[in-house]
Amino acid sequence: MNGLPQGWATISLAEAVEPDAPIIYGILQPGPDQKEGVPYVRPTEIVNDAIQLTELRRTTPEIAKRYSRSSLDAGDVLLSIVGTIGKVATVPEDLAGGNITQSSCRVRARRALTSTAFMAHFLRSPSARRQFDEARLGTAVPRLNLEDVRAMELPVSPLPEQRRIVAKIDSLTGKSKRARDHLDHIPRLVEKYKQAILAAAFRGDLTRGMEHNGIAAQGGDRIDARASQLDELPIGWAWASIGGVGQVTGGLTKNAARKSLPKQVPYLRVANVYANQLRLADIAHVGCTEAEYQRTLLRAGDLLVVEGNGSIDQIGRVAVWNDEVPGCSHQNHLIRVSLDRAVLPEFALYWLMSPGGRAAIEAVASSSSGLHTLSISKVKGLPIPICSEAEQTELVRRIKSAFAWVERLSSDASSSRKLIDRLDQSVLAKAFKGELVPQDPADEPASALLDRIRSERATAPKAKRGRKKAA
Amino acid sequence: MSTTTDIVAKLWGLCNVLRDDGVTYNEYVTELTYLLFLKMLEETGKEEQLPEGWRWGLLAKREGMDQLDYYKAMLLELGKAKDALVGAIFIDAQTRLRKPTNLKALTSNIDQLDWFSAREEGLGNLYEGLLEKNAADKKSGAGQYFTPRPLIDCIVRLMQPQPGEVIQDPAGGTAGFLVAADRYIKDHTDDLYTLTEQQAFFQRHNAFSGAELVPDTHRLSMMNLLLHGIEGGMENIDTLSPDGEALPKANLILTNPPFGTKKGGGRPTRSDFSITADTSNKQLAFVEHIVRALAPGGRAAVVIPDNVLFEDNTGRRLRTWLMDLCDLHTILRLPTGIFYAQGVKTNVLFFRRGKSDKGNTKAVWVYDMRANAPAYGKTRPLSVADFADFEAAYGADANGGAARQDQGEDSRWRKFDRAAITDRNDNLDISWLRDTEAEAEEALTEPEDIAAAIIGHLKAALEEIEVLSDELEPDSVDEAAAVAGAAA
Numbered sequence: 001m002n003g004l005p006q007g008w009a010t011i012s013l014a015e016a017v018e019p020d021a022p023i024i025y026g027i028l029q030p031g032p033d034q035k036e037g038v039p040y041v042r043p044t045e046i047v048n049d050a051i052q053l054t055e056l057r058r059t060t061p062e063i064a065k066r067y068s069r070s071s072l073d074a075g076d077v078l079l080s081i082v083g084t085i086g087k088v089a090t091v092p093e094d095l096a097g098g099n100i101t102q103s104s105c106r107v108r109a110r111r112a113l114t115s116t117a118f119m120a121h122f123l124r125s126p127s128a129r130r131q132f133d134e135a136r137l138g139t140a141v142p143r144l145n146l147e148d149v150r151a152m153e154l155p156v157s158p159l160p161e162q163r164r165i166v167a168k169i170d171s172l173t174g175k176s177k178r179a180r181d182h183l184d185h186i187p188r189l190v191e192k193y194k195q196a197i198l199a200a201a202f203r204g205d206l207t208r209g210m211e212h213n214g215i216a217a218q219g220g221d222r223i224d225a226r227a228s229q230l231d232e233l234p235i236g237w238a239w240a241s242i243g244g245v246g247q248v249t250g251g252l253t254k255n256a257a258r259k260s261l262p263k264q265v266p267y268l269r270v271a272n273v274y275a276n277q278l279r280l281a282d283i284a285h286v287g288c289t290e291a292e293y294q295r296t297l298l299r300a301g302d303l304l305v306v307e308g309n310g311s312i313d314q315i316g317r318v319a320v321w322n323d324e325v326p327g328c329s330h331q332n333h334l335i336r337v338s339l340d341r342a343v344l345p346e347f348a349l350y351w352l353m354s355p356g357g358r359a360a361i362e363a364v365a366s367s368s369s370g371l372h373t374l375s376i377s378k379v380k381g382l383p384i385p386i387c388s389e390a391e392q393t394e395l396v397r398r399i400k401s402a403f404a405w406v407e408r409l410s411s412d413a414s415s416s417r418k419l420i421d422r423l424d425q426s427v428l429a430k431a432f433k434g435e436l437v438p439q440d441p442a443d444e445p446a447s448a449l450l451d452r453i454r455s456e457r458a459t460a461p462k463a464k465r466g467r468k469k470a471a
Numbered sequence: 001m002s003t004t005t006d007i008v009a010k011l012w013g014l015c016n017v018l019r020d021d022g023v024t025y026n027e028y029v030t031e032l033t034y035l036l037f038l039k040m041l042e043e044t045g046k047e048e049q050l051p052e053g054w055r056w057g058l059l060a061k062r063e064g065m066d067q068l069d070y071y072k073a074m075l076l077e078l079g080k081a082k083d084a085l086v087g088a089i090f091i092d093a094q095t096r097l098r099k100p101t102n103l104k105a106l107t108s109n110i111d112q113l114d115w116f117s118a119r120e121e122g123l124g125n126l127y128e129g130l131l132e133k134n135a136a137d138k139k140s141g142a143g144q145y146f147t148p149r150p151l152i153d154c155i156v157r158l159m160q161p162q163p164g165e166v167i168q169d170p171a172g173g174t175a176g177f178l179v180a181a182d183r184y185i186k187d188h189t190d191d192l193y194t195l196t197e198q199q200a201f202f203q204r205h206n207a208f209s210g211a212e213l214v215p216d217t218h219r220l221s222m223m224n225l226l227l228h229g230i231e232g233g234m235e236n237i238d239t240l241s242p243d244g245e246a247l248p249k250a251n252l253i254l255t256n257p258p259f260g261t262k263k264g265g266g267r268p269t270r271s272d273f274s275i276t277a278d279t280s281n282k283q284l285a286f287v288e289h290i291v292r293a294l295a296p297g298g299r300a301a302v303v304i305p306d307n308v309l310f311e312d313n314t315g316r317r318l319r320t321w322l323m324d325l326c327d328l329h330t331i332l333r334l335p336t337g338i339f340y341a342q343g344v345k346t347n348v349l350f351f352r353r354g355k356s357d358k359g360n361t362k363a364v365w366v367y368d369m370r371a372n373a374p375a376y377g378k379t380r381p382l383s384v385a386d387f388a389d390f391e392a393a394y395g396a397d398a399n400g401g402a403a404r405q406d407q408g409e410d411s412r413w414r415k416f417d418r419a420a421i422t423d424r425n426d427n428l429d430i431s432w433l434r435d436t437e438a439e440a441e442e443a444l445t446e447p448e449d450i451a452a453a454i455i456g457h458l459k460a461a462l463e464e465i466e467v468l469s470d471e472l473e474p475d476s477v478d479e480a481a482a483v484a485g486a487a488a
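Chains as they are written, first to last, in UniProt numbering: chain U, 1 to 471; chain C, 1 to 488.
If you are wondering where the hints come from, they were derived from the structure by calculation, not from laboratory data. Think of the CB as a built atom: it goes at the ideal place given N, C-alpha and C, for glycine as much as any other residue. Worth double-checking, as some hints may not be accurate.
If you want a taste of the chain U side facing chain C, the calculated C-beta under 8 Å gives, among others [stated by the list, open to error]:
id, residue
1, L56
2, G174
3, A179
4, H182
5, L189
6, Y193
Distance condition first, Cα-Cα at most 30 Å in a straight line; then the derived DSSO-like pairs of lysine-lysine [claimed, not checked]:
id, chain 1, residue 1, chain 2, residue 2
7, U, K177, U, K430
8, U, K430, U, K400
9, C, K82, C, K72
10, C, K61, C, K99
11, C, K46, C, K10
12, C, K378, C, K345
13, U, K192, U, K418
14, C, K186, U, K192
15, U, K380, U, K400
16, C, K355, C, K378
17, U, K418, U, K400
18, C, K82, C, K10
19, U, K418, C, K459
20, U, K192, C, K459
21, C, K133, U, K192
22, U, K380, U, K192
23, U, K177, C, K415
24, U, K380, U, K254
25, C, K46, C, K186
26, C, K459, U, K400
27, U, K177, U, K433
28, C, K345, U, K177
29, C, K133, C, K362
30, C, K10, C, K99
31, C, K345, C, K362
32, C, K459, U, K177
33, C, K358, C, K415
34, C, K415, C, K362
35, U, K430, C, K459
36, U, K418, C, K415
37, C, K378, U, K192
38, U, K400, C, K378
39, C, K459, C, K133
40, C, K104, C, K82
Take these sequences, add in the hints, and give me the full structure.
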């Protein structure tokens, strides 16, 4: 490493650990989980830089004893080296005496030279990640060789400066972590907000105060609110059924014979339709007769309702077709609703996405067999509240603008969330380039400290591949 | 409906009249302040405070453009009035009204109000009602200046302001704390009747002192105090500037300082600050002011956001210093969502300035009103009853000296001695009940409440990143060493 600041030195990771505790991985075959055994950490239990203590498995004391050389002490740093490489966590006091598997290694920072916190921060830094990438082996399951981990280069500053660096990183990453925690609430709240807006919309709250120009459900099957236990509606609104305000039809049934038909047409499947969203990257074709084609040809403004075969919250997900792919037909697992002019497609869409609409869908979709499905007749029977066209237009406009606001905000929040991760990385990068905190010429240079330690150890076993490059 | 709420509703209803004149809620309250003040002087026979030729009666009887012109000239003239109070209310006063009909609507409606009943109930209550309506309205943006009244009342009941005490609010807003303290004292002295004339004079003229930086808010606070029979006391100054040093030493400080960083990252300019001289974080600096402004033995209750409890570096030095100089006996963790404008997480610190400067805090009692709290908001507003359990636990002694009982890990009320807090590096963000914030938010149903929760999280995240970005500025070796020292 070149360009190290004054007083810094580079040493190998092998030299940065306590001489009696080399970098090592753990138990090869821990055997079945024991109730009262010795806990051991797998990389899966390292989440967000911490060990999930409640998830730990245990091995027998006999096996643990055989692997006593990889036993853990409080303050040891763990590094995952198989699968997801580079997860880092520090061993808490409760886990002293525990162990690890062969998928991670133990790094016990040498107190005379550095600290647990400095080591852990380094192993998360871009500098360490670059070295992981260079040393990575395996394609299906990436892994690091212990020899390569031991040979990694660690930049060390004078000890007082290390303490300043750690304090600064802790302070900065503490703030970024809290910011991240706050942003993690956003996606859930955004979904809730949308549901609340839809609920308010069909209670009439969004258009309160508008002139109500009479009931718009002429020609529709009026549902008696009391008889079917539907909620009371705002003045000027009425309950209708989907079948009463539109044509509900099925699509093409798939079978082997269709392959040989001369007429092949693009058609939508369940995989193309999500809640208020069409995914049209992959559109399949199917053979059909001219009569079938005329019957199932989609037209702009049709609603597509997913019939079933998923979990209950996926049934009845619905989107509006705006003739994105002209001449498109649809599969029988998508139920098509062609609405009368009296009902705006987006109005019906938002109703079917709203808490009230969802409740109605889920009520008819459940069955005794445990398989949840819709059918043409079930969709026909779904209730829908109707109001004047002017009010529908206004309502759709307000829902759209509320959704647009919250989606913009949500996408800003998620970009910020990603930027915070990058901020942490850049803080660590600066830290190990010696740019995060100022140097103090009065501090003992790392090279002097190293010389002292090495001469003290002259009688002890030799360090493996100590290298020194004092700047 | 009482007469006061009736009148408040009527006056508030008039606001809609002015919407088409482009008048915002805030401007409307200011406009009403001018007019109500003039009407009140007429009703109370104190019009001699006004310069000759400018009277409510002369204004109200005019019509059309003539009335609007008279009104404009009147505001200009009164801003120059010799009477200190009149001058303070009308300084830089300008009307936002452009249509003469709107002015007429206001003057005739104000003339028709049932002033007799309103005076019986107190004009002050009426005005407070208007301020509260304004704060509750999200569009006004006034919520940040407005501490929820049930919280203020709870704090005042616990702190038991006494006649003869100097009571200060260094971030006065619309003077809610001072007015509530005044009401408490009046309730306990038969409206000052049981006091000597000298004591009563002190209550009216010298008991209350405050500072409010924003000129328009300051105007509202003056009016609010005046309507409660308190003259002067609120200064239009920045507490964090040298002006703040001049505030008189207080026996009791009740305040809810502004949250956030000083605009443009400015530092306090107080020559007497040592702990927070380098921070742009306003609430930390306010805590330093409060400790310095307390007379020995004086007590304080301060609403602060969570970061004062856990912030490293300056925050931690401030807490250590506070716990040395004062007996920080109680922390109340407030529920989220109780402030009108934002979803910030707040606490109340209760402490007493020691007679010595060392080791005054022996133990801190924490009441967690936040965990498993209902989701407060539009559908479930905060009420006086919500504080009953906390008040019972706090006990009858204002300084937290009543016998208290730690109710264990499953309860909301626990004691942490000084050694335990030292073990936590003087981090006072103490919670032991399972965090169910996500569950509480799950219970929100109104779009407004959910939007407020979203904005709250975004603001909190923003604030963390702002402080972080501040901290990324290069330090000197000494500063860096101080940080390392504080963390050690």
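Results for each hint:
1. L56: violated (21 Å)
2. G174: holds (7 Å)
3. A179: Cβ of A179/U sits 4 Å from chain C, so the hint holds.
4. H182: Since chain C brings a Cβ to about 4 Å from H182/U, closer than 8 Å, the hint holds.
5. L189: holds (5 Å)
6. Y193: holds (4 Å)
7. K177/U with K430/U: OK: K177/U and K430/U at ~18 Å, within 30 Å.
8. K430/U with K400/U: Between K430/U and K400/U the Cα gap is close to 44 Å, so the pair fails against 30 Å, i.e. violated.
9. K82/C with K72/C: At roughly 18 Å apart (the allowed maximum being 30 Å), K72/C and K82/C satisfy the hint.
10. K61/C with K99/C: holds (17 Å)
11. K46/C with K10/C: Between K46/C and K10/C the Cα gap is close to 25 Å, so the pair holds against 30 Å.
12. K378/C with K345/C: Given pair K378/C, K345/C holds - Cα atoms ~17 Å apart, limit 30 Å.
13. K192/U with K418/U: Status holds; Cα separation ~22 Å.
14. K186/C with K192/U: With Cα atoms ~47 Å apart, K186/C and K192/U exceed 30 Å; violated.
15. K380/U with K400/U: Holds, at roughly 26 Å.
16. K355/C with K378/C: violated (44 Å)
17. K418/U with K400/U: holds (27 Å)
18. K82/C with K10/C: violated (33 Å)
19. K418/U with K459/C: holds (17 Å)
20. K192/U with K459/C: holds (19 Å)
21. K133/C with K192/U: holds (28 Å)
22. K380/U with K192/U: At roughly 28 Å apart (the allowed maximum being 30 Å), K192/U and K380/U satisfy the hint.
23. K177/U with K415/C: Measuring from Cα to Cα gives roughly 28 Å; hence the hint holds.
24. K380/U with K254/U: holds (23 Å)
25. K46/C with K186/C: Roughly 23 Å between the alpha carbons, so the hint for K46/C and K186/C holds.
26. K459/C with K400/U: Between K459/C and K400/U the Cα gap is close to 24 Å, so the pair holds against 30 Å.
27. K177/U with K433/U: Distance of about 22 Å is within 30 Å: holds.
28. K345/C with K177/U: Since the Cα atoms of K345/C and K177/U sit roughly 17 Å apart, the hinted pair holds (cutoff 30 Å).
29. K133/C with K362/C: Roughly 42 Å between the alpha carbons, so the hint for K133/C and K362/C is violated.
30. K10/C with K99/C: holds (20 Å)
31. K345/C with K362/C: With Cα atoms ~26 Å apart, K345/C and K362/C stay inside 30 Å; holds.
32. K459/C with K177/U: Given pair K459/C, K177/U holds - Cα atoms ~15 Å apart, limit 30 Å.
33. K358/C with K415/C: Measuring from Cα to Cα gives roughly 21 Å; hence the hint holds.
34. K415/C with K362/C: holds (10 Å)
35. K430/U with K459/C: Since the Cα atoms of K430/U and K459/C sit roughly 27 Å apart, the hinted pair holds (cutoff 30 Å).
36. K418/U with K415/C: violated (40 Å)
37. K378/C with K192/U: holds (16 Å)
38. K400/U with K378/C: Measuring from Cα to Cα gives roughly 23 Å; hence the hint holds.
39. K459/C with K133/C: holds (24 Å)
40. K104/C with K82/C: Holds, because 28 Å separates the two Cα atoms, which is no more than 30 Å.
Checked against the numbered hints listed earlier, the structure breaks hints 1, 8, 14, 16, 18, 29 and 36; every other hint is satisfied.
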